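Enquirer: So the chains spell out like this:
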Amino acid sequence: MDLSFNAEERAFQDEVRGFIAKNLTEEMKRATALTPSVFSDPDIGMAWQRVLHRQGWGAPGWPVEHGGPDWTPAQRWIFETESARAGVPNVNVMGVKMVGPVIIGFGSLEQKNFYLPRILSGEDYWCQGYSEPGSGSDLSSLKTRAVRDGDDYIINGTKIWTTHAHHANRMFALVRTSDGPRQQDGISFVLIDMTTPGITTRPILTIGGDHEVNQVFFDDVRVPVANRVGDEGKGWTYGKYLLEFERGSGIASAKLREGLKAIAELAESDLTGRAIDSPDIATRISEVEVDIDALEMTELRVLSALQTGQNPGAVSSILKLRNSEIRQAVTRLGVDVIGHDALAVEPMRPLYKLNHEPALPEDVLTVVPEYLNGRAYTIFGGTSEIQRDIIAKMMLGI
Amino acid sequence: MDLNLSDEQRLLRESAERFVAESYDADHRRKMAKDPLGFSPDVWKQFAELGWLALPIPEEFDGLGGGAVETGILMEAFGRGLVSEPYVATVVLGTGLIEKSGTTAQKQARLPKVANGSLKLAFAHSERAARFDLAKVATVAHKTAEGWRLAGSKIAVLDGHAADEIIVSAHIHDHQGPSGRIGLFLMPVKTPSVAISDYERLGGGRACNIELSGVELPEDAILGDGSDALPTIEWAVDRAMAALGAEAVGIMQTLLDTTLEYTKIRKQFGRPLSANQVIRHRLADMAMQVDESRSMALRAALKVDSMRVERARAASGAKAKIGKCARFVGEQSIQLHGGMGVTEELEVGAYFKRLVAFDTLFGGSAHHYARHARLGRTAVSA
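So the protein lines, in turn, are chains D and X.
Mapping to full-length UniProt numbering: the first sequence position 41 is 41, numbers consecutive.
Mapping to full-length UniProt numbering: the second sequence position 337 is 337, numbers consecutive.
To be clear, the hints were calculated from the coordinates, so they are not data collected in a lab.
Computed from a predicted structure; not experimentally measured.
Built from N, CA and C at the ideal position, the CB exists for glycine as well.
You can take every hint at face value.
Computed footprint of chain D on chain X, listed as stretches where at least three residues anywhere in the stretch have a Cβ under 8 Å from a Cβ of chain D:
| id | segment |
| --- | --- |
| 1 | 2-12 |
| 2 | 280-288 |
Under the rule of at most 27 Å between Cα atoms (straight-line distance), these lysine-lysine pairs were calculated in the DSS-like manner:
| id | chain 1 | residue 1 | chain 2 | residue 2 |
| --- | --- | --- | --- | --- |
| 3 | X | Lys45 | X | Lys190 |
| 4 | X | Lys45 | X | Lys107 |
| 5 | X | Lys45 | X | Lys113 |
| 6 | X | Lys45 | X | Lys100 |
| 7 | D | Lys393 | X | Lys264 |
| 8 | D | Lys393 | X | Lys267 |
Construct all of the structure, not just a fragment, from the sequences and the given hints.
Expert: Written out as structure tokens, the structure reads:
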């Protein structure tokens with residue numbers, strides 16, 4: 001056993017560091033640091049996607065024939081870790097990490113040829129149409145209906161919590177095409193052009209003050225049958241496959257560590273009156289750091305298993321659950337560290353385009369909004385309660 | 001980067017798990033709990049034959065040259081059966097101190113004997129007033145014309161009653177007075193003016209308190225060259241905490257398996273306990289904490305020979321985290337067994353008690369989170 005990287009991997013690490021140092025602009029870095037929501041705005045995120053694409057690194061997890069860089073799991077770890085350390089923007093996760101793998105796994109040749117290059121280049125921006133007002137954890141009870149009419153489906157219904165629907169030109173959605181004996185039957189996976197007539201989007205503001213999610217309405221929206229991925233009625237299988245990607249790309253600890261580092265630095269600064277001098281704060285920082293160490297080791301254990309072709313199993317639920325809980329612990333700690341500054345609200349967004357003197361020093365501007373928005377981590381992508389159900393069923397057999 | 005077990009490590013795990021499953025059962029454990037020695041000399045002999053006593057000893061001293069990862073593999077298997085043999089006292093702590101600080105002659109005289117099972121060691125360091133501060137030693141070793149005279153009181157010495165030789169820490173007072181250095185002294189257990197009072201240890205095995213009232217030792221009883229032994233002590237204790245962490249993982253895994261089985265069989269309101277979501281989620285949390293503990297024990301083992309701060313933070317982080325998880329898994333195992341969990345009729349309690357002992361040994365979670373914080377104020381380590 002060995003925790004260190006070999007010479008080739010270290011050389012790759014240098015390459016990634018050099019690449020990021022050369023291409024990550026100060027504006028991108030500052031905008032990322034000043035984004036208190038889960039995802040970067042597309043102007044920032046897609047700029048970085050284009051930089052990555054030029055290098056051939058636009059989709060780290062994809063097979064090489066579709067434009068993936070053909071990295072080993074260790075290389076992916078290094079890439080994600082260095083990206084987190086440098087503070088790069090989030091790219092369009094819904095495109096690269098969600099719908100991309102589904103199209104690769106189950107899409108037609110035409111779909112692959114049309115959509116995949118546009119995801120890589122950043123030409124398309126995707127959003128995810130899964131949840132509905134009546135279907136949260138019980139996702140497969142969804143009611144948005146697609147009725148066949150010639151070569152089209154006519155879609156009626158509504159989707160909610162749609163991240164960046166107001167930016168996206170495409171949506172992948174689960175819709176009901178028939179009623180089967182089980183509610184999981186009769187669901188299909190369709191790709192929708194967001195400019196199609198009949199689609200309207202309503203913004204939803206989160207408690208942190210950000211417009212990130214939306215509700216999307218479909219009134220007689222015509223979508224070609226050719227935009228269905230895979231078989232009619234098999235959408236649930238594809239949708240679950242995607243959720244595994246959403247839950248654990250398996251590399252989250254580096255980001256958590258950067259988040260904690262920022263809080264620890266605040267705790268050591270005069271800005272917070274040196275919060276670290278309180279033994280309670282110092283110990284809590286250690287508690288969170290140790291939790292990150294444990295998660296990182298679990299990630300590395302999974303990675304080692306993947307390197308030898310073993311299947312890590314239900315561990316993606318453990319990774320999702322721990323990542324979300326630790327992230328919340330980091331943001332909670334942040335609020336306690338900044339003390340008085342937790343009382344001030346800066347409502348303008350985006351924070352990196354603020355055109356007036358902010359109510360707070362820039363270094364603490366995102367702390368409270370991140371804590372508030374961060375409550376969503378244990379809810380989206382399957383709530384913590386759903387993850388525990390999965391762990392009990394898949395790992396413990398109960 | 002590779003965290004997969006090698007073929008040799010896999011074999012070690014399989015043979016250790018098999019041995020523990022075949023040799024340890026509830027009857028054996030109950031017998032050992034009341035045994036004046038607290039363990040079986042026959043089993044110790046088998047450990048020697050299996051090569052386990054030689055495992056972490058360097059090859060030049062008839063050892064197998066294994067590392068902390070191999071020790072952890074063995075310890076996890078020991079935990080599954082609540083093994084009570086003095087493995088940590090002799091092989092992890094005792095040989096660790098000698099290997100790190102001893103002269104070649106001291107190593108040559110002892111390590112091969114540990115490896116073949118003919119020498120047992122113990123480490124007498126803790127004192128009441130020091131609590132868990134390893135640097136605080138009130139026991140004194142006065143330099144005399146003939147050698148050394150030791151005086152002081154040691155407590156919570158693991159398996160001191162069974163040792164042939166005890167390594168005692170003491171503040172060195174030379175002819176100029178207090179030197180500010182801690183020394184380690186090799187003390188045969190039968191030395192006059194040594195009073196050992198042993199007791200049954202929580203969760204199995206035995207421990208003792210030792211009174212040293214003017215114990216005369218020869219000049220060469222001091223381990224190594226007499227330089228300050230605190231760094232060696234810290235290293236040996238960090239290494240022991242990694243090993244004990246792995247043992248705790250084994251204990252927790254057994255508790256989880258047992259509790260899971262019980263919730264499937266036990267019926268109330270006409271259905272198994274495990275049909276209730278609140279029970280399933282509790283078990284999911286327990287499984288997650290066992291897994292996190294396994295990650296932390298492995299991490300501490302892999303960093304045993306890293307630079308001091310990195311090693312110590314990994315060891316304290318592991319001790320703190322595993323201690324916290326151990327309490328949770330142990331307490332919830334009892335809770336889910338209901339009233340039966342609180343009785344001596346099931347073994348859940350015995351496993352739980354060993355976890356409580358683990359959490360206490362060398363300092364509990366609060367102590368180690370605080371140490372972790374002290375050691376790493378500025379650097380959230382990469």
